[in-house]
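Asker: Residue numbers (the numbering used here), protein chains in the order written: chain A, 1 to 134; chain B, 1 to 134.
Quick caveat, the hints were computed from the structure, so don't treat them as lab data.
This structure is a prediction, so every number in the text was calculated from the model and none was measured.
Heads up, a few of these hints could be off.
Calculated lysine-lysine pairs in the DSBU-like style (CA-CA distance at most 35 Å, straight line) [stated by the list, open to error]: (1) A:46 <-> A:102; (2) B:102 <-> B:57; (3) A:46 <-> B:126; (4) B:102 <-> B:126; (5) A:57 <-> B:102; (6) B:57 <-> B:46; (7) B:57 <-> A:57; (8) B:46 <-> A:46; (9) B:46 <-> A:57; (10) B:126 <-> A:126; (11) A:109 <-> B:46; (12) A:46 <-> A:109; (13) B:109 <-> A:126; (14) B:126 <-> A:109; (15) B:109 <-> A:57; (16) B:46 <-> A:126; (17) A:46 <-> B:109; (18) A:102 <-> B:126.
Derived DEER-like restraints, expressed as beta-carbon distance ranges [stated by the list, open to error]: (19) A:26 <-> B:40: 22 to 30 Å; (20) B:106 <-> A:101: 46 to 54 Å; (21) B:84 <-> A:41: 24 to 32 Å; (22) A:28 <-> B:91: 45 to 53 Å.
The beta-carbon is built from N, C-alpha and C at its ideal position, and this holds for glycine as well.
2 protein chains.
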Amino acid sequence: MNPTTLPAEFRDLLDAQVAILATMGADGYPQVSALWFLADDDGTFKLSLNSARQKTKNLERDPEVTLFILDLANPRRYLEVRADAHVARDDDYRFADRIRAKYGVDLRKVDGPGEHRLVVTLHPVKVNAVNVGG
Amino acid sequence: MNPTTLPAEFRDLLDAQVAILATMGADGYPQVSALWFLADDDGTFKLSLNSARQKTKNLERDPEVTLFILDLANPRRYLEVRADAHVARDDDYRFADRIRAKYGVDLRKVDGPGEHRLVVTLHPVKVNAVNVGG
């Protein structure tokens, strides 16, 4: 089986409201935070990040990251997606507007002077679908 | 303020049923999983792990890890605890029995031949208490 194949019985987690991203911090500790995301039809995951954020700097320095999606109703069930992060400018907020459609938040209002909006595409290299109770 | 001080309004998360642990994998990607934990009165966090698990090997190789506790009822609220992991044997299941008291699971039944039970103590070096909506 392709190591990035997502089992059908876990596909509901692609619609989760929040994902958890682990990047490698410059201090040597993983940096972990919860954030908005979209699962795209091509199997990638996309994030909308501000250029000034620490997690953005981390994944630009070390693009090997892990996205974790927990079933909030049954936290023994989760997806762990190890992925390579590719960063691109989203100056026209084209992707940010897809986040707006899902979450109802306008990211134009978040970015300050000298900052810019990025779209981060996570290309899975390994997917672990876990159900401890299953 | 001490960087490991936990704000009072986040102390409820110490009683959460699940925590998320990020370790550094040998493949260069963070390894992330959900697991049982106890928050101890001395400010440390403790985990009960089997010696054969990948996360155990990761934190023995690189003890700089991050524990993440998400408010499942409000996932914009969470604790990120960067910590140094110290591993000790728990051959008499003394700590495992504290996990049993919290979760009702007997970890003696989990460990196979040639494996042993460990208690991992996480000593926080930095605590980030986040409430995105707060």
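Asker: Each hint: holds or not?
Answerer: Hint check:
Between the alpha carbons of residue 46 (chain A) and residue 102 (chain A) the distance comes to roughly 12 Å, so the proposed pair stays at or under 35 Å and holds. The hinted pair formed by residue 102 (chain B) and residue 57 (chain B) meets the criterion: a straight-line CA distance of about 25 Å does not exceed 35 Å. About 28 Å separates the Cα atoms of residue 46 (chain A) and residue 126 (chain B), which keeps this hinted pair within 35 Å; it holds. For a cut-off of 35 Å, the pair hint linking residue 102 (chain B) to residue 126 (chain B) stands: about 26 Å separates their Cα positions.
Using a Cα cut-off of 35 Å, the hinted pair residue 57 (chain A) and residue 102 (chain B) is violated, with the two alpha carbons roughly 39 Å apart. Distance hint between residue 57 (chain B) and residue 46 (chain B) is fulfilled; the C-alpha atoms sit about 16 Å from each other, no more than 35 Å. Using a Cα cut-off of 35 Å, the hinted pair residue 57 (chain B) and residue 57 (chain A) holds, with the two alpha carbons roughly 28 Å apart. The suggested pairing of residue 46 (chain B) with residue 46 (chain A) holds, with an alpha-carbon distance near 34 Å, which does not exceed 35 Å.
The suggested pairing of residue 46 (chain B) with residue 57 (chain A) holds, with an alpha-carbon distance near 30 Å, which does not exceed 35 Å. Of the pairs offered as hints, the one joining residue 126 (chain B) and residue 126 (chain A) holds, with about 30 Å between alpha carbons and a cut-off of 35 Å not exceeded. At roughly 41 Å between alpha-carbon atoms, residue 109 (chain A) and residue 46 (chain B) are farther apart than 35 Å, so this suggested pair is violated. Of the supplied pair hints, the one linking residue 46 (chain A) and residue 109 (chain A) holds, its CA atoms being roughly 20 Å apart against a limit of 35 Å.
Of the pairs offered as hints, the one joining residue 109 (chain B) and residue 126 (chain A) holds, with about 30 Å between alpha carbons and a cut-off of 35 Å not exceeded. Taking the CA atoms of residue 126 (chain B) and residue 109 (chain A), the gap is about 30 Å. The hint holds against a cut of 35 Å. Restraint check for residue 109 (chain B) and residue 57 (chain A): not satisfied, since their Cα atoms lie roughly 44 Å apart, outside the 35 Å limit. A C-alpha spacing of about 28 Å is found between residue 46 (chain B) and residue 126 (chain A), which places the hinted pair at or below 35 Å, so the restraint holds.
This hinted pair does not check out: residue 46 (chain A) and residue 109 (chain B) have alpha carbons roughly 41 Å apart, beyond 35 Å. Distance restraint check for residue 102 (chain A) and residue 126 (chain B): the Cα-Cα separation of roughly 33 Å lies within the 35 Å cut-off, and the hinted pair is therefore satisfied. A hinted range of 22 to 30 Å for the beta carbons of residue 26 (chain A) and residue 40 (chain B) is consistent with their spacing of about 29 Å. Separation of residue 106 (chain B) from residue 101 (chain A) is about 48 Å and conforms to the stated range, judged on CB atoms against 46 to 54 Å.
Take residue 84 (chain B) and residue 41 (chain A): their Cβ atoms lie about 42 Å apart, and the range 24 to 32 Å is violated. Separation of residue 28 (chain A) from residue 91 (chain B) is about 31 Å and departs from the stated range, judged on CB atoms against 45 to 53 Å.
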